[in-house]
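Novice: Okay, here's what each chain looks like letter by letter:
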Amino acid sequence: MALSKEQVDALFLFTQKKMVHYYDLQTEIVDHLAERIEEEMLLQPALGFETALQKVYKDFGIFGFAKIVQEKEQQAYRAGKNLFRKELLNLFRWPQFLSIALILLVTWQLVQTFSLDVLYPVFFALWIVCTLIQLIITIRRNKKQKKKLLLIFYQPETFFPFIWLEYLVIFRSHINIYVFCIVAVLAIMVKIASHKVYTNVRKQAMRQYPEAFA
Amino acid sequence: MPPNSNLYKGSLTTIILKLLAEQDKMYGYEITKKVKELTNGQLSLTEGALYPGLHKLEADGLVTVSMENIGNRMRKYYSLTKTGKKEMKNRLAELQSFFQQMENILNIKIA
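Residue numbers (the numbering used here), protein chains in the order written: chain H, 964 to 1177; chain X, 52 to 162.
These are calculated hints, taken from the structure and not from any lab test. Incorrect hints may appear among the rest.
Calculated Cβ distances over 12 Å to all of chain X for the following chain H residues [said to hold, decoys possible]:
1. I992
2. V993
3. L1006
4. Q1038
5. Q1059
6. L1061
7. P1084
8. F1086
9. W1090
10. Q1097
11. I1099
12. I1138
13. F1143
14. L1149
15. H1158
16. Q1167
Calculated lysine-lysine pairs in the DSBU-like style (CA-CA distance at most 35 Å, straight line) [claimed, not checked]:
17. X:K133 x H:K1159
18. X:K107 x H:K1018
19. H:K981 x X:K85
Derived CB-CB ranges, DEER-like [stated by the list, open to error]:
20. H:E969 x X:I159: 48 to 58 Å
21. X:N91 x H:I1102: 48 to 58 Å
22. H:I1102 x X:E73: 41 to 51 Å
23. X:K137 x H:A973: 55 to 65 Å
24. X:N141 x H:P1008: 42 to 52 Å
25. H:K1018 x X:G122: 33 to 43 Å
Glycine included, every Cβ here is placed at the ideal spot set by N, Cα and C.
Use the sequences and the hints to build the structure in full.
Specialist: Given below as structure tokens:
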């Protein structure tokens, strides 16, 4: 006996009450609960939806869905990190490497033309502005989203926060034009890779959960 | 006598990979039912172990997911990626070698 739409909605509410806030995870748990409840109600038609739900929920153990949510958060973070590493390494491959070589060439020309005392603050300001724009776009998009998805929750600035900029300030006196070129190109590569990860993961999320964006 | 479920823990993801290799695509509860069926009800895969296992395989890029509308709800299906297929073969070979060693050490015949 298939559950009604109202009963499926009740299951979504139930998972929400049990601290499952991500729609992608809710969908999976709701399907699992629904099928188990359908089986229970088929075996014992007098059982009723609520009693069957409590019976099935008991099987998730004393921590309920907490362990699944916690583990899923960790795995989503790992997945994001893996994708980021993959995209970053891809930039070293042909033909993407051509654009990186071009960026390096332009940076090299800049350090030959201007002093580091000028380039250093300009680079910092640009990097911070880019990061803020990226964050604002992400926050605005997430607000527009109807449902929160764990799939794109950790994108895009989680893996390279601002902390490393602090080191650049501390070690300013040790940074020459060669180090500056390498750091600047790496920072741009990080931006490109994190943007690619965010775009790809968002596209994947829109394909898998269109109702979360409707 | 039902087997100690702790003995299966290290092989959980290998079991999932193998089942997915045989079925093309499966959803979470389907995997639980299949394991129960194959072990004549002696082994039951708990939800608390199954989903973290599946999500770990997904994060490692060994399985890919697709969504399907099944009436009034969505269902998440898992299927093996190319890397997942290779990994499944490696893990089965490792497990086979482990069984061989256990046979030698404990002097028992495993199947």
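Novice: Taking the hints in turn, state whether each one holds.
Specialist: Hints versus structure:
no. : hint                         : in the structure
1   : I992                         : 8 Å, violated
2   : V993                         : 6 Å, violated
3   : L1006                        : 14 Å, holds
4   : Q1038                        : 4 Å, violated
5   : Q1059                        : 20 Å, holds
6   : L1061                        : 27 Å, holds
7   : P1084                        : 39 Å, holds
8   : F1086                        : 34 Å, holds
9   : W1090                        : 29 Å, holds
10  : Q1097                        : 23 Å, holds
11  : I1099                        : 28 Å, holds
12  : I1138                        : 36 Å, holds
13  : F1143                        : 35 Å, holds
14  : L1149                        : 25 Å, holds
15  : H1158                        : 20 Å, holds
16  : Q1167                        : 9 Å, violated
17  : X:K133 x H:K1159             : 22 Å, holds
18  : X:K107 x H:K1018             : 27 Å, holds
19  : H:K981 x X:K85               : 28 Å, holds
20  : H:E969 x X:I159: 48 to 58 Å  : 55 Å, holds
21  : X:N91 x H:I1102: 48 to 58 Å  : 53 Å, holds
22  : H:I1102 x X:E73: 41 to 51 Å  : 44 Å, holds
23  : X:K137 x H:A973: 55 to 65 Å  : 43 Å, violated
24  : X:N141 x H:P1008: 42 to 52 Å : 47 Å, holds
25  : H:K1018 x X:G122: 33 to 43 Å : 23 Å, violated
When held up to the earlier numbered hints, the structure conflicts with 1, 2, 4, 16, 23, 25 and fits the remainder.
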